[in-house]
Amino acid sequence: MKAITRAIRPEQLREITLALLIVVVVLFFSSQIQGYFSGRTFNRVTTSVAIIAVVAVGQTLVVLTRNIDLSVGSIVGFSAYFVGTQLANDNTISPFFAVALAIGLGAVMGAINGALVAYGRVPAIIVTLGTLAIYRTILVDMSGAKTVVVDALPQWLKDLPRTNLVQIGDLDIRLMFALAILVVVLFQLMLVYLRFGRRLYAIGSNPEAARNAGLPTQRIVFSAFVLCGALAGLAGFMFLARFGTITVVAGQGMELQSVAAVVVGGVNIFGGSGSMIGAFLGATLIDLLEQSLIRWLRVSEFWRDALLGLLILLAVASDAIILNRLRRAWAQDSLTADSQPAK
Amino acid sequence: MSPLPSLLRRWEALLLAILLVVVLFNVTRSPFYLRIDNLINLFELSIEKIIVVLVMTFIIINGEIDLSVASVMGLAACVVARLHADGVAMPLAVLVALLVGLACGAFNGFWIAYVGLPSLAVTLAGLIGYRGAARILLEDKSIGNFPEWFNVLGQQPLIGPFPFAILLFFGMLIAAVIILQRTTFGRYVYVIGNNKEVARYSGIQVRQVKMRLFMASGLIAALAGVLLAARLGAVRGNTAEGFELDIITMVLLGGVSIFGGSGTLTGVALSILIILNLRNGMSLANITGNTQTGVIGALLILSVLVPNLVSQARGLRSRVRPASSPLAQPSQEVEMS
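Chains A and B, in that order, are what the protein sequence lines are.
Quick note: the first sequence uses our numbering, first residue 25, plus one each step.
Quick note: the second sequence uses our numbering, first residue 107, plus one each step.
A few of these clues could be false.
As the list claims (entries may be wrong) - Heads up, incomplete: computed chain B residues facing chain A, CB under 7 Å, no partners named:
1) M196
2) A227
3) R241
4) I242
5) N251
6) G395
7) S417
For the record, the hints were derived by calculation from the structure and aren't laboratory data.
Just so you know, even glycine gets a beta-carbon here, dropped at the ideal spot from N, CA and C.
Only chain A is shown next, with the shape it has when bound in the complex (with noise of 0.2 Å):
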């Protein structure tokens, strides 16, 4: 027991139980439906995952500060709308430009939302949930309600979904799944080794404390929530490669469900704990769930709402109930062991 204990903290416990339960509910719908351990279902699940995924590690930066990002699907179908749109207009605009133009809009309108709550000290929910409809409205406005259409894009963009980095057998590992696992790693390097990421759990643990020990909170939490745009941004991006038809509604919606993949990876919504990898575990959990009922013929895909609301509450129940448990057991267990060479 002691020697499981000292190997892995109760934190990596739930990514663990994530990775297990990803496996289960591959084994389940490999068994249940027909074709469905393939090249084809990874590949869907996949494409559909690296969007998401970039989204939730934004919004795991932010929720760790103990705030929260709800406007990030106005910023996805913004960026995408309107790089789309520049794109069609120009096709020889570069692609590295048009990746910049996206994180770039999408850092301006994390910039914003993170001045109102940094420094004009509005709580994080409200200022959000205004920018989400504001966002969106001068989206609306701006497109006149028009639609972006793939045959306008250039062509490397309508490529860019199916290129692969590295081919496996059957998967595919496609450019922008990489891409997100690229982020997924970066940015959690980022929280176990760099000052800034120490300093955003220091701050959603204790807002007081961080401040009366000297931290810039204010800057902190500004910075957090121009990543989250500026990622966001990105996802756009992402988001117009994928889908190419970009309407005024592209995006959403994917604030809750980044929210929701947040939680199920067992980020607190409360702050301080939580992270990258759980985000992305969880943004898998939920979206292989979404994949495979859709062709589980058994049920309707009407079932996948309803099945993903549980998933949800079990996730956040789990964690209070046995986590909770476990996490004590974990520290009186550390404590015994501390104390006995001292004896």
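Once you have looked at the hints, place chain B on chain A.
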């Protein structure tokens, strides 16, 4: 003495001023504005939402949030429609829908009050789950053809020019004011919102109060869903989708703190009037629904930002706790009692 009452009074004065500006603007812009049918129409178009706003006020003052209300509304409407289509008598169908709403509320309340999970997470699950249940019931069908009396209840004037739902709303408003400002229960709602721990140690049944609030929220949301079905005359799986944001916006604009413990129904009533008038005025001026939502979003942010900036400029304490804590513990500068 706590500085809170005077601040609140100033807050409501500000809302009243905004309301007057909006009304004056409307009066000068359109000759139709002051007609009684326009004023009734103004309420009727959002009546289901503002019925739920009343109970949401209690929940937010209590320091919690209920994101699932719109899904409960949709589910109740779908239950009525499905049972009606299956040949169940309408009054019974309505009763079942209300019970379903009550059960949803009890389900939320159980996890929040007795297991101690955050209401944001539980009701987010509810938002998705109950909507799923509604979709399962109707799939992609749209069900209408309700009995004549049911449609009349939602669409026709009942007494004088007033439809049933509007009369009901004003009745509920009076009841809500009495419960919140004049009863022990209402006092408990504030005390728990201020500081749950202190409330528990002073012998208040925190769990029971929270449980009752969420059950009331489910029941009233279901009632609003049934009224919505009656007014629309047909129900789909996505009925009332997205209403939760409007409802929460109205409560917060009314000066109810998202951290719980402070806010009044007077403020919320003023905020309801402001939003309804704003929407009505913009509709009369041919501004689309989407832009209206954007304007209200901006108003929501400004309503908290401007007082903050003013008090910062004057070196006063701000109305809201300092940065980076939307879900934080209630502030200690609010006095108990």
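Hint compliance check: list the failing hint numbers for this structure, sorted ascending. 1, 5, 6, 7
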